[in-house]
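K.L.:
Turn these sequences into a full structure, and let the hints steer you where they fit.
Each chain is listed here by its residues.
Number of protein chains: 2
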Amino acid sequence: MQITGQMLIGKKVVFGLAGNAKAIDPSTNQEIEPVFGFATTDEVEQACLLAEQAFDSYRTTGLEQRARFLETIATGIMDLGPVLIERAAQETGLPVARLEGERGRTVNQLRLFANVVRDGHWLDATIDSALPERAPPRPDLRLQKIALGPVAVFGASNFPLAFSVAGGDTASALAAGCPVIVKAHNAHLGTSELVGRVIQRAVADCALHEGVFSMLVGAGSKVGQQLVAHAAIKAVGFTGSRSGGLALVTASGQRKEPIPVYAEMSSINPVFLLNQALTSQTTTLAKNFVDSLTLGAGQFCTNPGLVIAIESEAARQFLSDAARALEDKHAATMLTPGIHQAYVKGTAHLADISQLQLVAKGQQAESACAAQAVLSVCSGATFLSTPALQEEIFGPSSIAILCKDFEEVVAVASSLEGQLTATVHATTDDHAHARKLLPVLEKKAGRILFNGFPTGVEVAHAMVHGGPFPATSDSRSTSVGAAAIERFLRPVCYQGFPAELLPAALQDNNPLQVARMMDGKLTLAS
Amino acid sequence: MQITGQMLIGKKVVFGLAGNAKAIDPSTNQEIEPVFGFATTDEVEQACLLAEQAFDSYRTTGLEQRARFLETIATGIMDLGPVLIERAAQETGLPVARLEGERGRTVNQLRLFANVVRDGHWLDATIDSALPERAPPRPDLRLQKIALGPVAVFGASNFPLAFSVAGGDTASALAAGCPVIVKAHNAHLGTSELVGRVIQRAVADCALHEGVFSMLVGAGSKVGQQLVAHAAIKAVGFTGSRSGGLALVTASGQRKEPIPVYAEMSSINPVFLLNQALTSQTTTLAKNFVDSLTLGAGQFCTNPGLVIAIESEAARQFLSDAARALEDKHAATMLTPGIHQAYVKGTAHLADISQLQLVAKGQQAESACAAQAVLSVCSGATFLSTPALQEEIFGPSSIAILCKDFEEVVAVASSLEGQLTATVHATTDDHAHARKLLPVLEKKAGRILFNGFPTGVEVAHAMVHGGPFPATSDSRSTSVGAAAIERFLRPVCYQGFPAELLPAALQDNNPLQVARMMDGKLTLAS
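Note that the protein sequences, when read in sequence, are chains U and X. Residues 1 to 526, numbered by the numbering used here, are exactly what the first sequence covers, in order. Residues 1001 to 1526, numbered by the numbering used here, are exactly what the second sequence covers, in order.
Hints are computed from structural coordinates only; laboratory data are not their basis. One or more hints might be untrue.
Claimed, not checked - Computed list of lysine-lysine pairs in DSS-like fashion (alpha-carbon distance at most 30 Å, straight line): (1) Lys345/U to Lys222/U; (2) Lys1444/X to Lys256/U; (3) Lys444/U to Lys1011/X; (4) Lys1222/X to Lys1345/X; (5) Lys436/U to Lys1256/X; (6) Lys1256/X to Lys256/U; (7) Lys521/U to Lys1012/X; (8) Lys1256/X to Lys345/U; (9) Lys1256/X to Lys444/U; (10) Lys1436/X to Lys11/U; (11) Lys287/U to Lys361/U; (12) Lys1361/X to Lys1329/X; (13) Lys1011/X to Lys436/U.
P.N.:
Put into structure tokens, the structure is as follows:
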């Protein structure tokens, strides 16, 4: 498949005329061919109108048809073969093995949602029988969830496959029955076109309305804002920076009709090392922590940016072991020159904070955009009095906080902003302390880990990749895992309907074989 | 129980010093004793701090304890006896029988949520087992929903019991594990104090933290805005006017941390009379329509403000029958002088629209604040070209739209803003038309009724009292029925937890006996 620099608007391919850009190879800072044209106002409008036109037919596709559409996309991505991995590696600086793993995650995610669609649990089918003898009589009431409408998706720079054109937001929105318009990330335009064309072809192969999918190219501040403001768009999925996410939240606030904006933004993912765990596994914890910190040049939403312990001999040993492990780490290429510059600036700013001491640095950078890892340390009191230390530095930088006692550990936890994750390392002897810490962490994070590290987000039914602000703009949701579909649905009640006009999920004989709440009792499909 | 004019802040009773007001008897426009003091900034702050302090202990109460708390409130409301009904009747002008019915609905709603809490389905308990042999290994992942945090509730004028201090928002938020601060509606201050004191006493009787419930008095523009802006408040429930709801949405937009605002605002609830139904049941439909229109002086969120048919002999007969029925209707007292003035102004404005003709009026008003019902008529073309006709006139006013053909009926449906309800009257012969109309109505309304009238909202599992903007600010939710609890919850994932630290809902032996999703398969409690 050829990369042409064109956008995908329904079944058309269009070279945008409102400006242009090329992708950049971050290992050399060189531009990569071809040039990509940016969408004009009219082209954004066309994509929105097509999505609106596609909505009714797409939202009422049968579950099996919709599931097969998702599977067709998954197969198409695998069929692209090495060209996809090569282009993604060139555009992002990410290693081939990592990208192959991410491709596997992306297609598994599409297949998970295919099964979620078939299962139909997301329909929340609910039936309350008529009670004609009651005074007043109760009418027959039946509820199912339906799709919200066209969704605008903004991919993330750090997962060019799994959180991008065919990533979790797109997969869950398509699963829900929503047409999708993706604003391609400028950091991986060629990767986006390749995957976008797979979806465009799957739409045609599955005989769906062409407006089910479009992909636009352009600046977030123009194309992105126009998309979010458009009356046809009924929800937004975004993964990226706090400033980028908040700009979309603000733009949506200008709309006449409020819509949900699911922005997954920033998180520093505190790791709490309780005393007995720290004492009994000092060296292992230090090594695993540094591995998690430097994985993928620290460019994970769940990167451990804080590690908290009580000041002790073991804590000092942990820092010493972590320093040794960190000093061995090569500087890895970051995703974009902009991300690299922000990292250099952020770590330089840390060096200016006098009460923060450097523990260790990784190896020096040898190529453009390579990031030298940094571990710093401060006291609990310093952390509590320095709000700037809570700002995410995207990349392999972390701060160790040594607290004077467990009460200060709890105070540090209580002072935190909302997080995607919080982690506790504890042995059985630490459980008394863990019991005091957990209620605090439950209010701060969408996922709490025990004796693990936060990088690595499983795509599963019980996953929560979300959390209180500023981790996300909507703590009621997750952007990873089966429950992500719920973001794009709303309930409708059908009262007193004749049998032949009821939606399939709500017909008496349960033709879709879905679990249903019947008169307040949950019942499984037979 | 004595009405004192005091607010309830935790276990204290406090007379606010930031201004004051008395309730008004709308049948006479006379003030009713006693005077109520308005909350100072400090008093709002105290209530918020208490709610924040109560949150951890309250959100982790056992399901049975929380259910009993809701039932204790229900019993307490019944135990108030006639004093509650008498005060509510005086403050609202609503008939005693209606208020007794509403009281029954209110306590049934509390009891429904007690059972919802016990059932535990709302926890969304989900378990994905560890797969240690997989490469990479999958950790043990378990998800449950937890309460969002303290909730600010703004009651509605038109349901002084069921959508007020102990109404659906309060009941569902308390059921979810959220402390509640109610801003009492100034139209029924005495009713609010009586019910508030029942909740305050139930908090004490159930040995809960005093901050689980507070009730403040004051202006929405001051106390309301301060509440919505407060960092301790994590969600807002509101039922009322579009301007009032949007003011809260805007106020919440100024917060650093975005929070969900569930505002149920305005709806004109279109009723579509398809040809065969209209022809075969003309007189019955006309009578039932007028009964629904004038019920409770038309002061229902689901009042039928539009009735749409194709121009025909039967349609003209329907209008003639409706006119006769309407002319017999007494003018009923509205809830407040302000609502009455807005109704008089709104209907006077309609009379100025030259393409709108008067069909009939109800009997003239004999007391202060009594509303004369009005039915007007216009063509489909007029409706489509006059957006002002979509503005809700709260009270017994409705517009009939006579369309030139079925395509124009669909065009009218497509032009509508979001609604709480949409209704279709159809016989089997009309089903072909109904099939074309329903996909349009699904996108417009939270509830679609067949051969009924929209007034009357059953409290049940399958009810949706919600819908696209401007019916509500968040179409993903319902404010009536069991699913209302979902508004106040967020998911948390527990990864790799030791058994003894897992929440009860997620322990292997399922001690709460709740339905759970196990490795992607829904399982019932044993």
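K.L.:
Where does the structure disagree with the numbered hints, that is, which hint numbers, in rising order?
P.N.:
As far as the earlier hints go, only 7 is violated by this structure.
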